[in-house]
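Hey, can you work out the whole structure from these sequences and the hints?
As a plain string of letters, each chain reads:
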Amino acid sequence: MVRRDFLRKTSLSGLGIAGLGSIGGFAGLGGLIARTASTETPTAGSTRWGLAILTTDFSRNPEIIKACHQAHNVPDIPDKKQKIKWIWEDNAQAAFSEGLPSRLAGELETRSFLLLCNHCANPACVRVCPTRATFKRSDGIVAMDYHRCIGCRFCMAACPYGARSFNFHNPAPYLPASHPAFPARMRGVVEKCAFCSERLPLGLAPYCVEAAKDAMIFGNLNDPDSEISHALHGRLSLTRRPELGTGPSVYYIL
Amino acid sequence: MLELALRPSPRFRLWLAALAVLLVAGLIAYLVQSKAGLSVTGLSRDVSWGLYISQFTYFVGVAAGAVMLLLPTYFHHYQDFKKLIILGEFMAVAAVGMCLLFIFADLGQPQRILNILLHPSPKSVMFWDMLALSGYLLLNLVIGWTTLKSEQHDLPPPPWIKRLIWISIFWAFSIHTVTGFLYAGLPGRPYWFTAIMVPRFLASAFCSGPAILLLLCLALKKLAGFTPGDRGVRGLTTIITYALGINIFFYAMELFTAFYSGIPGHARPIVFLFSGHEGQIYWINYWMWACAGMGISSLFLLLNPQTRHHPQILPWSLGFLVTATWIDKSLGLIIGGFTPNTFGGITEYIPSLTEICITLGVYAAGLILLSVLWKIVLEVRRGP
Numbered sequence: 025m026v027r028r029d030f031l032r033k034t035s036l037s038g039l040g041i042a043g044l045g046s047i048g049g050f051a052g053l054g055g056l057i058a059r060t061a062s063t064e065t066p067t068a069g070s071t072r073w074g075l076a077i078l079t080t081d082f083s084r085n086p087e088i089i090k091a092c093h094q095a096h097n098v099p100d101i102p103d104k105k106q107k108i109k110w111i112w113e114d115n116a117q118a119a120f121s122e123g124l125p126s127r128l129a130g131e132l133e134t135r136s137f138l139l140l141c142n143h144c145a146n147p148a149c150v151r152v153c154p155t156r157a158t159f160k161r162s163d164g165i166v167a168m169d170y171h172r173c174i175g176c177r178f179c180m181a182a183c184p185y186g187a188r189s190f191n192f193h194n195p196a197p198y199l200p201a202s203h204p205a206f207p208a209r210m211r212g213v214v215e216k217c218a219f220c221s222e223r224l225p226l227g228l229a230p231y232c233v234e235a236a237k238d239a240m241i242f243g244n245l246n247d248p249d250s251e252i253s254h255a256l257h258g259r260l261s262l263t264r265r266p267e268l269g270t271g272p273s274v275y276y277i278l
Numbered sequence: 003m004l005e006l007a008l009r010p011s012p013r014f015r016l017w018l019a020a021l022a023v024l025l026v027a028g029l030i031a032y033l034v035q036s037k038a039g040l041s042v043t044g045l046s047r048d049v050s051w052g053l054y055i056s057q058f059t060y061f062v063g064v065a066a067g068a069v070m071l072l073l074p075t076y077f078h079h080y081q082d083f084k085k086l087i088i089l090g091e092f093m094a095v096a097a098v099g100m101c102l103l104f105i106f107a108d109l110g111q112p113q114r115i116l117n118i119l120l121h122p123s124p125k126s127v128m129f130w131d132m133l134a135l136s137g138y139l140l141l142n143l144v145i146g147w148t149t150l151k152s153e154q155h156d157l158p159p160p161p162w163i164k165r166l167i168w169i170s171i172f173w174a175f176s177i178h179t180v181t182g183f184l185y186a187g188l189p190g191r192p193y194w195f196t197a198i199m200v201p202r203f204l205a206s207a208f209c210s211g212p213a214i215l216l217l218l219c220l221a222l223k224k225l226a227g228f229t230p231g232d233r234g235v236r237g238l239t240t241i242i243t244y245a246l247g248i249n250i251f252f253y254a255m256e257l258f259t260a261f262y263s264g265i266p267g268h269a270r271p272i273v274f275l276f277s278g279h280e281g282q283i284y285w286i287n288y289w290m291w292a293c294a295g296m297g298i299s300s301l302f303l304l305l306n307p308q309t310r311h312h313p314q315i316l317p318w319s320l321g322f323l324v325t326a327t328w329i330d331k332s333l334g335l336i337i338g339g340f341t342p343n344t345f346g347g348i349t350e351y352i353p354s355l356t357e358i359c360i361t362l363g364v365y366a367a368g369l370i371l372l373s374v375l376w377k378i379v380l381e382v383r384r385g386p
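From first to last, the protein sequence lines stand for chains A and B. Under this note's numbering, the first residue of the first sequence is numbered 25, with each subsequent residue one higher. Under this note's numbering, the first residue of the second sequence is numbered 3, with each subsequent residue one higher.
Careful: at least some of the hints might be erroneous.
In silico EDC-like cross-links for lysine to aspartate or glutamate, where the CA-CA straight-line distance does not exceed 16 angstroms [claimed, not checked]: (1) Lys84/B - Glu256/B; (2) Lys104/A - Asp114/A; (3) Lys105/A - Asp48/B; (4) Lys84/B - Asp156/B; (5) Lys237/A - Glu87/A; (6) Lys237/A - Asp249/A; (7) Lys105/A - Glu350/B; (8) Lys237/A - Asp81/A; (9) Lys90/A - Glu251/A; (10) Lys237/A - Glu251/A; (11) Lys164/B - Glu153/B; (12) Lys90/A - Glu113/A; (13) Lys104/A - Glu350/B; (14) Lys223/B - Glu381/B; (15) Lys107/A - Asp48/B; (16) Lys85/B - Asp232/B; (17) Lys104/A - Asp232/B; (18) Lys107/A - Glu350/B.
One side of the interface only, derived from the structure: several residues of chain B facing chain A at Cβ under 8 angstroms [claimed, not checked]: (19) Leu109; (20) Lys125; (21) Phe129.
Calculated from the structure, these hints are not laboratory results. Source: prediction; values computed, not measured. Idealized CB from N, CA, C, for every residue including glycine.
As structure tokens, this is what we get:
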């Protein structure tokens with residue numbers, strides 16, 4: 025349904041007349057101004073998928089990253105600078121940069137944080153994409169069309185979370201084993217976590233959530249009775265760089 | 003008129019042959035890149051744009067710089083740039099051509115470039131940039147070609163051309179504004195996230211574009227006996243001096259905000275560019291100091307009335323200016339935008355040999371286009 029809406033919209037403006045495009049541009053500007061009124065714009069619709077990570081319960085677990093990367097055919101590129109990462113671990117300073125006090129409680133400083141795409145309410149990557157290869161679904165997931173991406177990497181410059189990876193190499197030789205259930209990417213396109221959008225219709229939680237046991241909660245942020253809403257209610261949690269107004273859907277419960 | 007480019011001139015042919023060699027080297031490097039992907043560049047997760055996009059940005063400025071000849075002529079009836087105007091328009095054509103090639107070289111999936119038009123995205127600045135640049139290319143080509151054709155037949159240019167020229171004056175501002183918006187609207191990149199970005203782009207463009215034009219005209223004077231006219235040179239030098247002064251002033255504004263506010267995010271990229279990170283020095287630091295030194299020396303030479311119009315010193319002032327603005331708006335802009343990365347870490351960017359060869363290839367392509375167009379202008383003026 026979401027996809028069909030998306031296709032209909034694009035084919036409409038796909039008439040390709042610059043005039044039509046500019047009308048859309050003014051409408052877009054209105055939206056832009058309206059959006060600045062609040063920092064956390066709720067996604068319209070009844071569903072907004074989100075993730076809460078209980079950082080106290082979270083222990084370094086290579087299985088989480090492995091489960092995701094294997095199932096999604098994420099290549100293991102040896103060159104650290106050109107690696108592909110959908111989900112990875114880093115420390116508090118890297119994750120929150122200036123958002124944390126400089127003197128952390130001792131244990132917090134050594135705590136490990138899982139980093140991934142934040143599936144923002146106001147995704148900068150979606151705004152800048154010149155082909156709408158990356159787009160926001162009505163359920164809040166920021167998805168990618170790998171066949172439309174031209175590899176301009178504007179989204180990587182726009183993402184303040186370093187959550188996007190570019191296929192500098194042909195990924196095929198770097199796949200330990202191919203998992204045909206999920207499409208492999210090609211050289212020259214950008215990729216990232218899609219909140220396991222392929223598993224959600226089957227009623228399955230994302231791979232990382234499954235592997236993390238109880239340390240990660242996935243659910244509908246717009247439903248006040250969902251497990252994730254209950255988990256977040258009344259507890260101190262952080263999102264990454266909230267001052268940028270992107271409205272992340274990934275919460276870190278301290 | 004195109005046939006005039008073929009008028010025999012051994013020196014011109016030698017020049018074109020030399021450029022062709024460079025172009026072929028660039029093409030071979032591009033073949034390597036299209037076979038192995040952008041893995042052959044120095045780009046990384048953290049510094050995901052590099053030499054290509056930096057050159058693209060600089061040459062959009064060079065293209066926009068042509069307006070500094072048109073504006074005084076058509077809005078203020080200033081007569082002394084008349085001989086230079088067509089050269090400026092054709093330089094803009096060559097510069098935009100280079101920009102398009104740099105974008106093409108940078109894409110991971112270049113064969114999909116038309117997706118930008120097939121799936122127009124009015125919220126994306128890149129969509130508008132593509133429209134602005136193609137429009138500017140067309141405007142300058144039509145204006146330059148038509149006025150030259152009239153000149154060839156000793157006729158006044160058709161009246162509609164004036165309207166196109168007016169449009170192109172505003173259009174020139176727009177191309178660089180939109181290019182500035184590519185950077186200035188991104189969250190989490192403090193070096194770019196500044197309202198002075200577009201004014202700084204324009205100031206830099208309006209000194210570097212005319213400076214390159216003037217340097218090339220001075221070379222043409224030596225090589226082909228072209229006389230740009232003393233008053234024209236003086237007028238253009240004055241414009242360049244103002245624009246350079248404004249450019250340096252704007253950068254100083256940036257320094258004030260970054261350092262007086264004490265907000266670390268804003269200061270960090272500038273600290274990195276000039277002094278590295280935690281005691282470690284990077285190659286860009288030397289370049290940035292050279293940029294600062296040359297920019298200030300150039301301003302000094304241009305402000306001082308004794309050196310400003312001195313025919314032996316002027317090429318040096320302009321050369322310093324071009325080098326300084328090039329470092330600031332290409333290498334400094336891109337590296338400062340991506341370093342430190344979004345995690346506060348440092349990933350160094352060093353352009354690879356393949357990247358440099360492709361870049362030189364695009365330079366060669368631009369120079370070939372420019373040389374052919376300018377040769378036609380000179381031949382038309384030489385007469386049958």
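message = Does the closest beta carbon of chain A sit nearer than 8 angstroms to the beta carbon of Leu109/B?
response = Status holds, d = 5 angstroms.
task = Decide if the proposed pair is consistent with the structure: Lys105/A and Glu350/B, CA atoms, cutoff 16 angstroms inclusive.
result = holds, 9 angstroms
task = Verify the proposed pairing of Lys107/A with Glu350/B, using a straight-line Cα cut of 16 angstroms.
result = Holds, because 15 angstroms separates the two Cα atoms, which is no more than 16 angstroms.
Pair hint Lys237/A and Glu251/A, alpha-carbon separation not exceeding 16 angstroms = holds, 14 angstroms
key: Restraint check for Lys90/A with Glu113/A, where alpha carbons must lie at most 16 angstroms apart   = Cα-Cα ~12 angstroms, so holds.
task = Could you grab the alpha-carbon distance between Lys237/A and Asp249/A and see if it respects the 16 angstroms cut-off?
result = Distance ~21 angstroms between Lys237/A and Asp249/A Cα, so the pair is violated.
query = Between Lys237/A and Glu87/A, is the straight-line Cα distance small enough, at 16 angstroms or below?
reply = holds, 11 angstroms
inquiry  = Just to be careful: measuring from the Cβ of Phe129/B to every Cβ in chain A, is the smallest value less than 8 angstroms?
reply    = holds, 5 angstroms
request  = For the pair we were handed, Lys90/A and Glu251/A, check the Cα-Cα distance against 16 angstroms.
outcome  = Violated, at roughly 25 angstroms.
task = Compare the distance between the alpha carbons of Lys85/B and Asp232/B with 16 angstroms, and conclude whether the hinted pair is satisfied.
result = holds, 11 angstroms
inquiry  = Please verify whether Lys84/B and Asp156/B have alpha carbons no more than 16 angstroms apart.
reply    = It holds: about 15 angstroms lies between the C-alpha atoms, which stays within 16 angstroms.
inquiry  = Check whether the Cα positions of Lys104/A and Asp114/A lie no farther apart than 16 angstroms.
reply    = holds, 15 angstroms
Checked against the numbered hints listed earlier, the structure breaks hints 1, 6, 9, 17; every other hint is satisfied.
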